[in-house]
Amino acid sequence: MEALAEWGLIGLFISSFLAATILPLSSEIVLSILIANNYDLNTCLILATIGNWLGGMSSYGLGWLAKWRFIEKYFRIKIETIKNFKDKIDKWGSVIAFFCWLPIIGDPLAVGLGFFKTNVVLVSIWMFIGKMIRYIAWAGITYWGFSLI
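Per this note's numbering, the sequence shown starts with residue 3, numbered consecutively.
Hints listed in this document are in silico derivations from the structure and should not be mistaken for laboratory results.
A few of these clues could be false.
Said to hold, decoys possible - Calculated lysine-lysine pairs in the PhoX-like style (CA-CA distance at most 25 Å, straight line):
| no. | residue 1 | residue 2 |
| --- | --- | --- |
| 1 | Lys85 | Lys119 |
| 2 | Lys80 | Lys69 |
| 3 | Lys90 | Lys80 |
| 4 | Lys75 | Lys119 |
| 5 | Lys69 | Lys90 |
| 6 | Lys119 | Lys93 |
| 7 | Lys75 | Lys88 |
| 8 | Lys90 | Lys75 |
| 9 | Lys88 | Lys119 |
| 10 | Lys119 | Lys90 |
| 11 | Lys80 | Lys93 |
| 12 | Lys85 | Lys75 |
| 13 | Lys80 | Lys119 |
| 14 | Lys69 | Lys85 |
| 15 | Lys93 | Lys69 |
| 16 | Lys69 | Lys88 |
| 17 | Lys69 | Lys119 |
Unchecked claim - Pair ranges (Cβ atoms, derived):
| no. | residue 1 | residue 2 | range |
| --- | --- | --- | --- |
| 18 | Gly63 | Phe101 | 14 to 20 Å |
| 19 | Leu124 | Leu150 | 37 to 43 Å |
| 20 | Lys90 | Leu67 | 34 to 40 Å |
Each residue gets a CB set at the ideal place from its N, CA and C atoms; glycine is no exception.
Using the sequences and the accompanying hints, generate a full structural model.
Here it is as structure tokens:
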């Protein structure tokens with residue numbers, strides 16, 4: 003992650019995008035490093051949010067393209083589990099996308115929303131809001147942490 007931080011704002015965008023895919027990366031580290039190095043906070047928040055949102059939407063797109071057999075075979079998820087998730091999507095709809103920023107479950111949520119063809123505009127809006135709030139909160143934690151030093 004430090005290598006991406008050396009790339010500055012481009013590194014932040016790349017790490018944010020990749021962190022929203024199945025790759026186990028932490029864009030928060032890059033964001034904190036850039037904040038510590040006095041990069042413009044608003045620019046950092048915008049790039050991190052857009053990068054992470056685009057990464058999440060790419061996971062949504064992969065879900066949109068997926069087929070039942072592919073999911074069951076390569077992800078080893080039983081059809082019953084998929085149907086259970088479908089019930090939750092039917093109940094909560096695109097609002098679920100707000101939680102795509104969460105570790106571990108966020109990526110499968112985005113893929114599932116795409117798989118079940120949930121309204122792309124609403125998913126996009128909710129996902130963007132969730133990811134934006136996450137980065138604003140992280141920036142606040144970073145500033146608070148640096149104030150203690």
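Evaluated hints:
1. A C-alpha spacing of about 14 Å is found between lysine 85 and lysine 119, which places the hinted pair at or below 25 Å, so the restraint holds.
2. With a CA separation close to 13 Å, the supplied pair lysine 80 and lysine 69 stays within the 25 Å bound.
3. Proximity of lysine 90 to lysine 80 is assessed by CA-CA distance (about 16 Å); at most 25 Å being required, the pair is judged to hold.
4. Distance restraint check for lysine 75 and lysine 119: the Cα-Cα separation of roughly 20 Å lies within the 25 Å cut-off, and the hinted pair is therefore satisfied.
5. For a cut-off of 25 Å, the pair hint linking lysine 69 to lysine 90 stands: about 19 Å separates their Cα positions.
6. For a cut-off of 25 Å, the pair hint linking lysine 119 to lysine 93 stands: about 14 Å separates their Cα positions.
7. Between lysine 75 and lysine 88 the alpha-carbon distance is near 18 Å, which keeps this suggested pair within the 25 Å criterion.
8. For the suggested pair lysine 90 and lysine 75, the alpha carbons sit about 22 Å apart, so the restraint of at most 25 Å is met.
9. A distance of roughly 11 Å separates the Cα atoms of lysine 88 and lysine 119; the hinted pair therefore holds under the 25 Å criterion.
10. For the suggested pair lysine 119 and lysine 90, the alpha carbons sit about 14 Å apart, so the restraint of at most 25 Å is met.
11. Simply put, lysine 80 and lysine 93 have alpha-carbon atoms about 21 Å apart, close enough for the 25 Å limit, and the pair holds.
12. A hinted pair counts as satisfied when its Cα atoms are at most 25 Å apart, and lysine 85 with lysine 75 qualifies at roughly 16 Å.
13. A hinted pair counts as satisfied when its Cα atoms are at most 25 Å apart, and lysine 80 with lysine 119 qualifies at roughly 19 Å.
14. Pair hint lysine 69 plus lysine 85 holds up; C-alpha atoms about 13 Å apart against a cutoff of 25 Å.
15. Taking the CA atoms of lysine 93 and lysine 69, the gap is about 22 Å. The hint holds against a cut of 25 Å.
16. Of the pairs offered as hints, the one joining lysine 69 and lysine 88 holds, with about 14 Å between alpha carbons and a cut-off of 25 Å not exceeded.
17. Annotation: proposed proximity of lysine 69 to lysine 119 holds, straight-line Cα distance about 12 Å (limit 25 Å).
18. With their beta carbons about 18 Å apart, glycine 63 and phenylalanine 101 fall inside the hinted range of 14 to 20 Å.
19. Between leucine 124 and leucine 150 the CB atoms are about 40 Å apart, so this pair conforms to the stated range of 37 to 43 Å.
20. For lysine 90 and leucine 67, the hinted distance range of 34 to 40 Å is not satisfied, since their beta carbons lie about 21 Å from each other.
In summary, the one numbered hint that this structure violates is 20.
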